[in-house]
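**Student:** Starting from the given sequences, assemble the full structure and let the hints guide the process.
The listed protein sequences derive, respectively, from chains A and B.
Numbering (UniProt numbering) for the first sequence: 1 to 801.
Numbering (UniProt numbering) for the second sequence: 1 to 801.
If you're looking for bench data, these hints aren't it; they were derived computationally from the structure.
Being a predicted model, the structure only gives us computed values, none of them experimental.
Using N, Cα and C, we set each Cβ at its ideal position, and we do this for glycine too.
A portion of the hints provided could be inaccurate.
Within a straight-line C-alpha distance of at most 30 Å, the following computed DSBU-like cross-link-like pairs (lysine-lysine) qualify [to be verified]:
hint	chain 1	residue 1	chain 2	residue 2
1	A	252	A	270
2	A	712	B	718
3	B	52	A	271
4	A	21	A	52
5	A	354	B	46
6	B	52	A	712
7	A	240	B	566
8	A	566	A	577
9	A	577	A	252
10	A	383	A	313
11	B	52	A	77
12	A	70	B	502
13	B	270	A	77
14	B	712	A	608
15	A	52	B	566
16	A	718	B	608
17	B	502	B	657
18	B	271	A	52
19	B	52	A	627
20	A	718	B	712
21	B	439	A	110
22	B	52	A	219
23	A	219	A	477
Computed list of chain A residues with no C-beta within reach of chain B, every gap over 12 Å [what the hints assert, rightly or not]:
hint	residue
24	10
25	105
26	112
27	162
28	165
29	266
30	432
31	434
32	462
33	465
34	594
35	745
36	784
Distance ranges between label pairs, derived from CB positions [claimed, not checked]:
hint	chain 1	residue 1	chain 2	residue 2	range
37	B	116	A	264	47 to 53 Å
38	A	273	B	180	48 to 54 Å
39	B	603	A	657	53 to 59 Å
40	A	412	B	611	49 to 55 Å
Protein chains: 2
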Amino acid sequence: MYNNQFARLKLSLPAKIAELKKIAFLDDQLLALQDPTELWRQLLSKAFPQAKSSTAKQAKLASLAATADKDLLTYLKTEQPVTVTSFYNVALQLLGFLPVTDFELDQPLKMMRQTNLSYNEVLQTPQDVIAAWYDLLTTSTKLGQTWLDKLAGDGYFANWQNVTQPLFFNGKAQPIFATSKLLYETVYVETDLDTDEDGQADLVKVDLIRPVETQTGLKVPVLFTASPYNQGTNDQAADKLMHKMNVPLTHKKPGSEDLTPPTVPTATPKKRPVNGITPTAQETFSDEFGYSLNDYFLARGFAVVYSAGIGTKDSDGLRTCGTAAETQAAKAVIEWLHGDRVAFVSRSSQQAIKAWWSNGQVAMTGKSYLGTLATAVATTGVKGLKTVIAEAAISSWYDYYRDGGLVVAPGGFPGEDADVLALECQSRQQVYGDFLRVKKIAAQKLTAITAGQDRSSGNYNAFWDQRNYLKDFSKIKADVILVHGLNDWNVKPRNAYQSWEKLQKLPISQKLILHQGQHIYINQLRSLDFTDLMNLWLSYELYGIANQAPQLIPQVLVQDNTQIEKWQAYDNWKTAKTVKFYLKPAQLTTDQSTQHIVSFNDQLPAEKFTYYQQQPAAWEHDLLESKATSPLQKHKLIFTSQPLPQDVLLRGVPHVKLQVAVNSDHGLLSLMLVDYGQAKRLRSAPSVLSMDQLQLGYHWQTASPVDFRLEKNPSPWKMITKGHLNLQNRQHPWQVDELKANTFYSLQIDLQPMFYHLPAGRQLGLIVYATDFGMTVRGNQDLTYSLQLADCQLELPVSNF
Amino acid sequence: MYNNQFARLKLSLPAKIAELKKIAFLDDQLLALQDPTELWRQLLSKAFPQAKSSTAKQAKLASLAATADKDLLTYLKTEQPVTVTSFYNVALQLLGFLPVTDFELDQPLKMMRQTNLSYNEVLQTPQDVIAAWYDLLTTSTKLGQTWLDKLAGDGYFANWQNVTQPLFFNGKAQPIFATSKLLYETVYVETDLDTDEDGQADLVKVDLIRPVETQTGLKVPVLFTASPYNQGTNDQAADKLMHKMNVPLTHKKPGSEDLTPPTVPTATPKKRPVNGITPTAQETFSDEFGYSLNDYFLARGFAVVYSAGIGTKDSDGLRTCGTAAETQAAKAVIEWLHGDRVAFVSRSSQQAIKAWWSNGQVAMTGKSYLGTLATAVATTGVKGLKTVIAEAAISSWYDYYRDGGLVVAPGGFPGEDADVLALECQSRQQVYGDFLRVKKIAAQKLTAITAGQDRSSGNYNAFWDQRNYLKDFSKIKADVILVHGLNDWNVKPRNAYQSWEKLQKLPISQKLILHQGQHIYINQLRSLDFTDLMNLWLSYELYGIANQAPQLIPQVLVQDNTQIEKWQAYDNWKTAKTVKFYLKPAQLTTDQSTQHIVSFNDQLPAEKFTYYQQQPAAWEHDLLESKATSPLQKHKLIFTSQPLPQDVLLRGVPHVKLQVAVNSDHGLLSLMLVDYGQAKRLRSAPSVLSMDQLQLGYHWQTASPVDFRLEKNPSPWKMITKGHLNLQNRQHPWQVDELKANTFYSLQIDLQPMFYHLPAGRQLGLIVYATDFGMTVRGNQDLTYSLQLADCQLELPVSNF
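**Tutor:** Here it is, written out as structure tokens:
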């Protein structure tokens, strides 16, 4: 275990005392104590909220070891003094660490030093005890929440008096709100849209959860998650719409795409007349969509709002997969929360309802499509949106479903496209009495999406240009936290990289967290205090708490890929320094290359072709296998470097220049950068450390701490990054050029961005191939690709480690 | 989808009316209605508890389709009559089925017939509508809970008046209790044991959850789960204690084990003086152990009690892995719940507390070790224990860690043994201040377990005889439901089979449910209304409701292994009829065999031996592979039958007779019965159908419906069952006989019991081998085994299908 806590606020002793009084650990009587041991005893008596009587508390003291042979109750009864050793022996046990197993009772500090748990060197005065106690409350338990959060889960704040305002401790909101009394309400926000073309403005359903204390005057900020999935999905129908991947690549007619948006009918939809206004909702819900980060804040004086948007169950409109209309529908919810838009109490009512309980400060949260909508709404500059926490967010849908003039599927979802996702999320068709009214137009619009996405070309066209949020990043006013997995091949890293490049130039606060996961949430990772960081951030953003959040949270925080539990702060993702590699047969070299032409053919025997479709992992294994025995040996080119003399950090976009020819008027190239060398690397997904053992409040939702472990057996390689290009889109994804058979062309490919620690001794590999069984179309065509190595090179942004 | 509901009670119309009045769907005014359509409309207006106003309710009606082109609101407004088609169109949507996707709006009954959803043929009178409405409330939704349970999740019973008594509908308790007000208390029950030998009677911690209504007079029954895991586990320490499997089998000295139990010191432990009695607990808890079946009942007027037992966190004593002491500790909890034993309010208090809120009726629940303890406590005949629901329970620990004079690990846990499990569960050592006091004796006792289990012999000895509950089955007074996975190779099927054989002879109610899962809970399986069955059962057992539970629940209920969602009732597990197969080289035949000696050697090349340890799945694949290309071809014997002319059902214990010789004075045989033939079989584990979409109450815990799907690609084989024998334990597991090298011996092996549907066209296979990489020791010894085929046969209990 190695402890990383970035969200701990360092305070002066007076500030610590004031805060400890606020949470009732200290009072004037305790502050008057002269004996540090007696103070320790008194503080300890408050550390077992589950024990309601003095005998019960004594039993708890007796359950802890103060020394290797004495329990704490005996230790105190025999008037032994508080010492650094006894204090931290007890502290470590309170944090969930086990004597003998995790640490030795004769030297607790040894383990604390090794695992980066903070401690106080001296414990001689009552002030020392107070400072150490404060710090202990803000230290992570073995499972990765602060001890105060653990105490809260045990009932420390149960029946807390005076819940008229949120309570902040160490800059973070505390779980004093009784989640058993939360209010659940549904309202319908009116948008300016008419995506189902019925002449009426589309209403979108909004499910909200707020503390009961808002009934008596408390105004709360809102965490808003726009999730198109949370009203259900049309899995069966969407599966049927999945596109075939076994189609040949074909020649494209040269030319440029016209990116002018199509003219749309501008008839203003009819708004519903407001007939009275009520403070009382008329619908409730109980099938809430759970996102544990939101749940965590529900106990802390925040409201949580979910809206699935146009075209979903109980909302009007239709899904459009990433257009401005979807953005506008989510923006409308914020406008309502900010007091700038009307909502109705039911889908057919004219009675309006205001978000009178909201303080008008909103954050958007969520991963994937949810984070995408958070980003999208931020680009509108809407009032009230203070910050977005965009996890694994798409910044341009072209980078989700396409690349370099090719259909390139999100990893794990070959055959999916914008139309499939639109249908998947269109849960409105699950309320069929409602859907009946828009069935016809829904079918038409879906057909238009299929046409617009244009799988036959793979080009960046007007359809995709309408789904590119990057164009509007200059309008962003909200502060932004980006979170992305460096191994996310669903929403590929370029989406975050391009956002980050633009965000840095804006006059906002912006933060970037890059983890070693795939397409995952990271709020349960043991090795990073992500939840605390978000608490610090949202307390600052939405409650205006002066907690130094922008200063405390590193600009760029990156998880190391070579060892577990290592997180490091950086100034930026990319680095300016680059190193060039040249290609010789089977070699990557820093010497200039020589004249050589090397070739491979993409066509596989029929049996192998079928096998790889069914077993994409076997395909990937055979592709990465650098031995000549690989069944794909003749169907790829592998160039490997000498073992590296020192560690390097690969940071940013790998850039490849190639001189390539193909025996046809069409062709595609895939490129993969690989880390070769036997090593135990991080596993691809985090492991559960302890099921359901994190309490997000008192008798409230639970979560399971997880973290990355090392592989059980060493692996021979790991893909660092990859890229794809249609040879006819050599200049731009929106421009198609002629391709003459057997003619060499110069071209350049940017691979997906990386942040990769390549240790000394490893070999860097570059694989050049064509069909990517996980992502591209699979025509199994008789295409032979040739490289003129003299004009090929690989440029990598690096910083020495 | 195919719907199986065994827990639906069929009632007369007057009884239906009375029950509908009880749950407020009917009143005298509605009963006076003459117009069936108006009655339908009125009933529908109560079907949307989340809608609080009439406009909100109307919007809900408008969201349902009454016909292929008309929504329900319009349908009713235009005075269309209730018809069978419109009623069931709406009904199916209320149950969560989707028009077009799941059924056609012009003929809903077609889909209902196909999926076994019940319906009423005629809907002409108000009485018809009432009967149909009642039946609908008891019908399963698409996700597998009754519609009334779905409505309850939507808030139908929210703020229910008059919660002074539980509410029963269709024979089952309804979720009218507010789970947000549940009370959580911890008490300490005093046992008669002194397993930590400190002279004091061991106290065991008991965590209980009860409805707040018990504070005002309601007495409730209890679901008690004795889970040694629920206070934490010592994973790291237990891992270190895991035994090596790469040890040679050795010769054992002939003789019989002495099964006489060791004499134990009989000093009676000192009981704690009772100094006052209080109705009020002094400790609470919030880190509750979640078992969704228990959670489900918490909303329904039942209390839930957890106790981890001796040697666990906050309890006295030490773990003993399956002895009578562990049974007694759990029994003591029932005695307290029944009013026959004392408990204290804290571990060090002399204040007693009674279970004054308990009605004295207890059921035990849980899977694996938890179900084992339920079985164990039942064998004490303790007062108050009305029934046990024992899932995947061990009936004799020898059948968990041993077989036929061999160490045979539970599947997936090679190296585990009784001592490892004792240490794993001894969470008392996590409260180290407490554990300090018993550290020394704990180490001694653990050493004694290691010695007693005697891995070197694998024999059934006095240690295992003390852990054989079957000896005491005649004392069982509680009714018993056994649930077991036919593919459970952790707690192997023999454990359930032997229990069932004994239970059938007792004057109790006994039921057996055999599913196609491995070591899993089945309460979320979509294809069986297991939760409803348990509700019916516990309402009958613990509240004395006359709901025909013993008659409605089939004696033996078995899930078919050849198709999804098929459950069938039987009278018994085994069948009397048998069929014999004889062995010829490579063949299983019903003709008499001839003289042939065939042999195999168990020793593998070193590289292969290492590989199979790391990849047990690859070993299993190569073992089952019947082609001559299998790398294990020379290390096993495979006998396969002709394709079967018709379906057969293999029911009970396969019995194998062999004439075998080995080139040594020691040896072991493993046998496997296999279903050969390309087919899409059930997957090994159920798939999640919809995450968290089952609500166990209102704003209460959720669960995810799951079910078995067919394999994506056909598989060539499936293991039916297996068995193991030490050749020196030819007569009994407790008797060791001499084994002379190269001498033929006759022996018989009972394989693990099976209930397997083998379809026509499949081939039956018998594999004879030695080292079982998943279960036996792996000595990789140069042992050659020979069979004299003339004296070998396989006898299978079968019933024609």
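**Student:** Run every hint past the structure and note whether it holds.
**Tutor:** Taking the hints in turn, this is what the structure says about them:
1. 252/A - 270/A: 44 Å, violated
2. 712/A - 718/B: The hint holds at about 28 Å.
3. 52/B - 271/A: Status holds; Cα separation ~24 Å.
4. 21/A - 52/A: The hint holds at about 21 Å.
5. 354/A - 46/B: Holds, at roughly 27 Å.
6. 52/B - 712/A: The given pair, whose Cα atoms are some 56 Å apart, is violated under the 30 Å limit.
7. 240/A - 566/B: 26 Å, holds
8. 566/A - 577/A: 24 Å, holds
9. 577/A - 252/A: Given pair residue 577/A, residue 252/A is violated - Cα atoms ~38 Å apart, limit 30 Å.
10. 383/A - 313/A: Between residue 383/A and residue 313/A the Cα gap is close to 27 Å, so the pair holds against 30 Å.
11. 52/B - 77/A: Violated: residue 52/B and residue 77/A sit about 60 Å apart, past 30 Å.
12. 70/A - 502/B: Violated: residue 70/A and residue 502/B sit about 50 Å apart, past 30 Å.
13. 270/B - 77/A: Distance ~25 Å between residue 270/B and residue 77/A Cα, so the pair holds.
14. 712/B - 608/A: Cα-Cα ~19 Å, so holds.
15. 52/A - 566/B: Judged against 30 Å, a Cα distance of about 52 Å means the pair is violated.
16. 718/A - 608/B: With a Cα-Cα distance of about 26 Å, the restraint between residue 718/A and residue 608/B holds, given a limit of 30 Å.
17. 502/B - 657/B: 25 Å, holds
18. 271/B - 52/A: 24 Å, holds
19. 52/B - 627/A: 69 Å, violated
20. 718/A - 712/B: 28 Å, holds
21. 439/B - 110/A: It holds: about 24 Å lies between the C-alpha atoms, which stays within 30 Å.
22. 52/B - 219/A: The hint holds at about 25 Å.
23. 219/A - 477/A: 23 Å, holds
24. 10: Per Cβ check, residue 10/A is outside 12 Å of chain B; nearest 31 Å; holds.
25. 105: Nearest chain B Cβ is 8 Å from residue 105/A, so the label is violated.
26. 112: With a cut-off of 12 Å, residue 112/A remains clear of chain B, as the shortest Cβ separation is near 17 Å.
27. 162: 21 Å, holds
28. 165: 23 Å, holds
29. 266: Since the minimum Cβ distance to chain B is about 29 Å, residue 266/A lies beyond 12 Å and the statement holds.
30. 432: At roughly 4 Å from the nearest Cβ of chain B, residue 432/A sits no farther out than 12 Å, so the non-interface label is violated.
31. 434: 5 Å, violated
32. 462: 32 Å, holds
33. 465: 34 Å, holds
34. 594: Given that every Cβ of chain B is farther than 12 Å from that of residue 594/A, nearest at about 41 Å, it holds.
35. 745: Non-interface label on residue 745/A holds, nearest chain B Cβ at 41 Å vs cutoff 12 Å.
36. 784: Its Cβ never comes within 12 Å of chain B, the nearest being 32 Å, so this holds.
37. 116/B - 264/A: 47 to 53 Å: With a Cβ separation near 49 Å, residue 116/B and residue 264/A satisfy 47 to 53 Å, so the hint holds.
38. 273/A - 180/B: 48 to 54 Å: Violated, since residue 273/A and residue 180/B (Cβ atoms, about 39 Å apart) do not stay within the stated range.
39. 603/B - 657/A: 53 to 59 Å: 57 Å, holds
40. 412/A - 611/B: 49 to 55 Å: Cβ of residue 412/A to Cβ of residue 611/B: about 29 Å, so the range 49 to 55 Å is violated.
Figure legend: structure checked against the earlier numbered hints; hints not met, in rising order: 1, 6, 9, 11, 12, 15, 19, 25, 30, 31, 38, 40.
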